[in-house]
Amino acid sequence: MLHYMGRRLLQLIPVLLGMTFIVFMLIRAIPGNPVQVILGQQATKEAVEALNASLGLDKPWYTQYFSYLAGIFQGDMGVSLRTKLPVSEEIFPYLAATAELALFAMIIAIVVGVNAGIISAWFQNSWFDYIAMIVALVGVSVPVFWLGLMEQWAFSSQLGWFPTSGREDVRDPITSITHFYLLDTLIQGRFDQFIEVLKRLVLPGVALATIPMAIIARITRSSMLEVMRSDYVRTARAKGQKMFIVVYKHALKNAVIPVLTVIGLQTGLLLGGAILTETIFSWPGIGRYIYDAIGFRDYPVIQSGILIVAFIFIMINLIVDLLYTVIDPRIKYK
Amino acid sequence: MKKKKLWTLGVMLLLILSTILAACGGSDTKDTGSKDTSTGGDTAGSGEPKILVYGRGGDSVALDPAVVTDGESFTVTANIYETLVNFGEQDVTIQPGLAKSWEASEDGLTYTFQLQEGVKFHDGTDFNAEAVAKNIERWKSSTDKYPYFSSQFIVGDKQVIESVTAEGDYTVVFKLSQPQAPFLKNLAMSPFAIASPTAFEADEEGLSANPVGTGPFKFVSWVRNDSVTIEKNPDYYIDGYPKLDKVIYRSIPDNSARLNDLTAGNIDVADGLSPSDKGTIEGDANLQLIERPSMNVGYLGLTVTRPPFDNVKVRQAVNYAIDKQALVDAFYEGLAEPAKNPMPPVISGYNDEVTGYTYDPEKAKALLAEAGYDGKEIELWAMPVPRPYMPDGQKVAEAIQKNLEDVGIKSKIVSFEWATYLEKAQNGEADAFLLGWTGDNGDADNFLYTLLDGDNIGSNNYTFYDNPELHKLFVAAQTEIDEDKRNELYKQAQVIISEDAPWVPLAHSTPILAANKKVTNYIAHPTGSDRLDAVDIQ
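Residue numbers (my numbering), protein chains in the order written: chain A, 14 to 347; chain B, 2 to 539.
You may find that some hints are simply not true.
Just the calculated beta-carbon pair ranges, DEER-fashion [to be verified]:
{"#": "1", "chain 1": "A", "residue 1": "E102", "chain 2": "B", "residue 2": "P97", "range": "35 to 43 Å"}
{"#": "2", "chain 1": "A", "residue 1": "L39", "chain 2": "B", "residue 2": "E484", "range": "49 to 57 Å"}
{"#": "3", "chain 1": "A", "residue 1": "Q87", "chain 2": "B", "residue 2": "E484", "range": "58 to 66 Å"}
{"#": "4", "chain 1": "A", "residue 1": "P99", "chain 2": "B", "residue 2": "K377", "range": "35 to 43 Å"}
{"#": "5", "chain 1": "B", "residue 1": "Q395", "chain 2": "A", "residue 2": "F257", "range": "50 to 58 Å"}
{"#": "6", "chain 1": "B", "residue 1": "L290", "chain 2": "A", "residue 2": "G31", "range": "29 to 37 Å"}
{"#": "7", "chain 1": "A", "residue 1": "L150", "chain 2": "B", "residue 2": "D285", "range": "34 to 42 Å"}
Straight line, CA to CA, 30 Å or less: simulated BS3-like cross-link-like pairs of lysine-lysine [stated by the list, open to error]:
{"#": "8", "chain 1": "B", "residue 1": "K146", "chain 2": "A", "residue 2": "K72"}
{"#": "9", "chain 1": "B", "residue 1": "K473", "chain 2": "A", "residue 2": "K58"}
{"#": "10", "chain 1": "B", "residue 1": "K364", "chain 2": "B", "residue 2": "K396"}
{"#": "11", "chain 1": "A", "residue 1": "K72", "chain 2": "B", "residue 2": "K159"}
{"#": "12", "chain 1": "B", "residue 1": "K492", "chain 2": "B", "residue 2": "K341"}
{"#": "13", "chain 1": "B", "residue 1": "K135", "chain 2": "A", "residue 2": "K58"}
{"#": "14", "chain 1": "B", "residue 1": "K473", "chain 2": "B", "residue 2": "K492"}
{"#": "15", "chain 1": "A", "residue 1": "K97", "chain 2": "B", "residue 2": "K219"}
{"#": "16", "chain 1": "B", "residue 1": "K233", "chain 2": "B", "residue 2": "K519"}
{"#": "17", "chain 1": "A", "residue 1": "K212", "chain 2": "B", "residue 2": "K518"}
{"#": "18", "chain 1": "B", "residue 1": "K121", "chain 2": "A", "residue 2": "K97"}
{"#": "19", "chain 1": "B", "residue 1": "K135", "chain 2": "A", "residue 2": "K97"}
{"#": "20", "chain 1": "A", "residue 1": "K72", "chain 2": "B", "residue 2": "K141"}
{"#": "21", "chain 1": "B", "residue 1": "K519", "chain 2": "A", "residue 2": "K212"}
{"#": "22", "chain 1": "B", "residue 1": "K176", "chain 2": "B", "residue 2": "K473"}
{"#": "23", "chain 1": "B", "residue 1": "K176", "chain 2": "A", "residue 2": "K58"}
{"#": "24", "chain 1": "A", "residue 1": "K262", "chain 2": "A", "residue 2": "K252"}
{"#": "25", "chain 1": "B", "residue 1": "K141", "chain 2": "A", "residue 2": "K97"}
{"#": "26", "chain 1": "A", "residue 1": "K97", "chain 2": "B", "residue 2": "K233"}
{"#": "27", "chain 1": "A", "residue 1": "K58", "chain 2": "A", "residue 2": "K97"}
{"#": "28", "chain 1": "B", "residue 1": "K425", "chain 2": "A", "residue 2": "K72"}
{"#": "29", "chain 1": "A", "residue 1": "K97", "chain 2": "B", "residue 2": "K146"}
{"#": "30", "chain 1": "B", "residue 1": "K101", "chain 2": "B", "residue 2": "K244"}
{"#": "31", "chain 1": "B", "residue 1": "K101", "chain 2": "B", "residue 2": "K486"}
{"#": "32", "chain 1": "A", "residue 1": "K58", "chain 2": "B", "residue 2": "K141"}
{"#": "33", "chain 1": "B", "residue 1": "K101", "chain 2": "B", "residue 2": "K176"}
{"#": "34", "chain 1": "B", "residue 1": "K425", "chain 2": "A", "residue 2": "K58"}
{"#": "35", "chain 1": "B", "residue 1": "K377", "chain 2": "A", "residue 2": "K58"}
{"#": "36", "chain 1": "B", "residue 1": "K314", "chain 2": "B", "residue 2": "K366"}
{"#": "37", "chain 1": "A", "residue 1": "K58", "chain 2": "B", "residue 2": "K492"}
{"#": "38", "chain 1": "B", "residue 1": "K486", "chain 2": "B", "residue 2": "K341"}
{"#": "39", "chain 1": "B", "residue 1": "K486", "chain 2": "B", "residue 2": "K159"}
{"#": "40", "chain 1": "A", "residue 1": "K97", "chain 2": "B", "residue 2": "K366"}
These are computed hints drawn from the structure, not numbers from a lab.
Here a beta-carbon is modelled for each residue, glycine too, at the ideal position from N, C-alpha and C.
Using the sequences and the accompanying hints, generate a full structural model.
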């Protein structure tokens with residue numbers, strides 16, 4: 014097991030290295046350069062040249078690439094060309110904002126999605142099954158930005174139940190310690206702020222959860238249907254076991270592996286930042302951070318931001334792979 | 002039995018859902034209640050503190066105005082820092098600022114400023130002549146760190162400001178190496194605000210995150226990509242100002258979401274709305290529409306080095322072919338006027354006698370025939386992002402495409418990501434492209450020379466238009482101190498530009514903002530940086 018983990022972690026290195034190279038080359042292949050953006054439209058040619066030299070952007074690409082790599086190995090992710098702050102320092106609040114939202118959304122997606130899938134499989138071809146699967150189909154197809162704006166219009170502008178956008182009430186700002194606001198407000202015993210933060214998570218959380226929720230529901234349903242037809246489930250039923258126990262205890266355990274895979278992939282995707290949701294709900298997350306950096310051609314931020322997101326994505330999938338062994342003892346890694 | 006189980010499950014789900022909703026609903030009422038009381042506690046005695054939440058499209062890059070070029074940075078810094086001279090409330094006339102009076106020598110090479118006395122920076126440092134001199138020296142010390150200083154005060158390799166000396170505590174003398182007609186207008190621009198020398202001498206880079214000026218508001222905090230908070234400077238040198246206790250600038254990137262936030266009452270002012278939102282704002286009894294005086298131009302550039310636009314007759318034909326009034330009516334909701342010159346009428350030196358090109362497809366066809374246009378398809382570039390001067394590039398391009406087709410010019414609409422679009426256009430890769438400009442300092446030079454002189458090919462002159470006769474006029478105007486003579490030079494220049502037709506000037510738009518009705522005295526400035534010292538909340 015440890016051996017397996019070690020091997021997987023070693024495999025990470027070439028994957029991440031290859032990725033840094035591809036990202037590095039891609040962002041330099043597109044036209045537009047950071048100096049022009051920093052200096053603005055009225056920049057003189059002299060100023061552009063001077064800044065190019067002082068940022069080291071006039072050096073050949075391989076020199077730039079290797080000095081960037083050397084920095085990464087020393088834990089230096091570069092300095093943002095736009096804000097002049099170290100990326101490693103700047104990125105954490107964005108990551109925390111995205112993680113808080115993504116985890117909240119995944120909890121909604123998993124709880125609702127898995128249960129909807131199970132019930133649909135349990136009562137296959139019932140009205141619940143039909144409605145759940147139609148909702149799931151709509152869920153994967155609906156554009157997130159449209160859903161987000163509709164939520165805002167209905168639940169904020171019209172009904173006034175939830176705040177429209179943002180992570181906190183700016184009139185009553187949160188003193189940030191961990192940058193996870195739910196945690197920060199609890200540490201400080203500010204339960205009013207805790208409720209406020211929770212309420213602000215609902216609309217973007219639901220918008221973000223829609224697609225994973227629908228995917229999870231569909232996978233759970235088809236996986237459950239397969240298991241429910243197997244011999245051991247019939248045996249369990251035959252010996253008089255309660256249907257609820259059969260479904261949730263015996264069948265689910267065997268049906269959950271593909272569901273877990275999907276959950277892992279979706280969590281990774283959400284943690285990579287959801288640009289549309291973050292934009293509509295003014296969420297200061299990692300997706301918008303990297304997206305803005307692309308517009309500004311802020312090379313260090315794009316490179317290191319994508320590197321970190323990729324690392325998280327791979328780590329989550331590693332955790333999922335390890336979870337398989339917990340759920341299914343037949344799976345062993347050597 | 003199967004049905005019964007399902008029924009129970011359904012009921013359970015409903016129960017759970019309703020509990021969640023009830024919890025949310027309950028906390029909602031409690032929360033608004035506590036909000037009112039908690040804000041009341043901040044300033045005991047003087048009633049409820051006045052907090053203005055300002056919604057805008059993007060975050061600031063840095064809060065040190067000397068090192069940035071983006072409008073969102075200046076939006077904030079204009080309220081933390083002050084400049085030696087100010088623009089007028091809603092125009093670009095020159096008014097006293099940190100300097101209460103000034104005098105220029107006859108040759109235009111020496112400016113003597115008398116400074117306000119008793120002004121302090123937010124860190125307690127005294128504002129005086131020495132502080133001014135130190136700021137100018139700081140900007141002069143590098144050619145690439147202070148972009149606006151380089152573009153406004155360095156000509157070629159030469160520093161326009163030769164020296165700045167403090168004579169006593171409150172008199173400061175600027176010596177110029179050559180006369181600069183828009184010198185005072187330049188000094189009034191947000192990037193040339195005076196920062197505390199104590200602050201930048203201790204930590205220059207630190208000023209970007211911890212701004213220290215003399216302005217009506219002091220910096221409090223900045224959560225990147227989210228909000229910037231500033232609060233009342235109690236020691237502000239003008240009594241009774243500012244009216245507000247706190248201003249919070251929130252970044253809400255999506256236009257519709259920003260309007261949703263405004264109608265829901267989460268923000269008090271929404272900046273950068275699109276003309277199509279006008280109806281929604283006017284239909285809401287709680288909102289007021291605020292118009293920003295126009296100081297921009299949206300245009301269709303015709304790259305003069307690329308056929309068929311290397312022929313002046315084809316360029317003139319395109320000018321006749323486009324129905325500007327129809328564009329203004331359709332895409333600007335009437336919040337614009339059709340343009341005939343490359344700069345708006347508010348700028349002094351505007352030539353109203355230029356007749357421009359009225360919509361006349363027949364004349365366009367005749368000119369095309371005369372030019373021997375071969376019917377080759379052109380590329381028409383549509384801006385991918387909305388800007389005040391071009392609210393919807395794609396739709397404007399489609400309308401122009403139809404206009405061109407009517408006179409026999411076939412075109413294909415293309416678009417690129419914004420930074421790519423600018424760079425490719427700058428390299429002269431576009432046939433015809435949509436673009437625009439918002440004035441920095443309200444001077445004719447900032448439009449005409451910046452956008453149409455041969456010197457600026459490769460930076461802001463995207464059409465590669467280069468007319469030596471025009472260049473002579475521009476250079477003469479830059480050093481001409483007599484306002485009337487100078488205006489005359491610009492008027493001549495506009496006649497030449499109109500004949501050469503490197504552009505189709507399309508419109509001068511009036512950008513709009515919206516605010517809650519309880520916000521009073523909000524005055525939008527044409528430069529886009531609004532001072533909030535007089536703004537109040539009822």
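Going back to the hint list, which numbers does this structure go against?
When the structure is compared with the hints, numbers 4, 6, 35 and 40 turn out to be violated.
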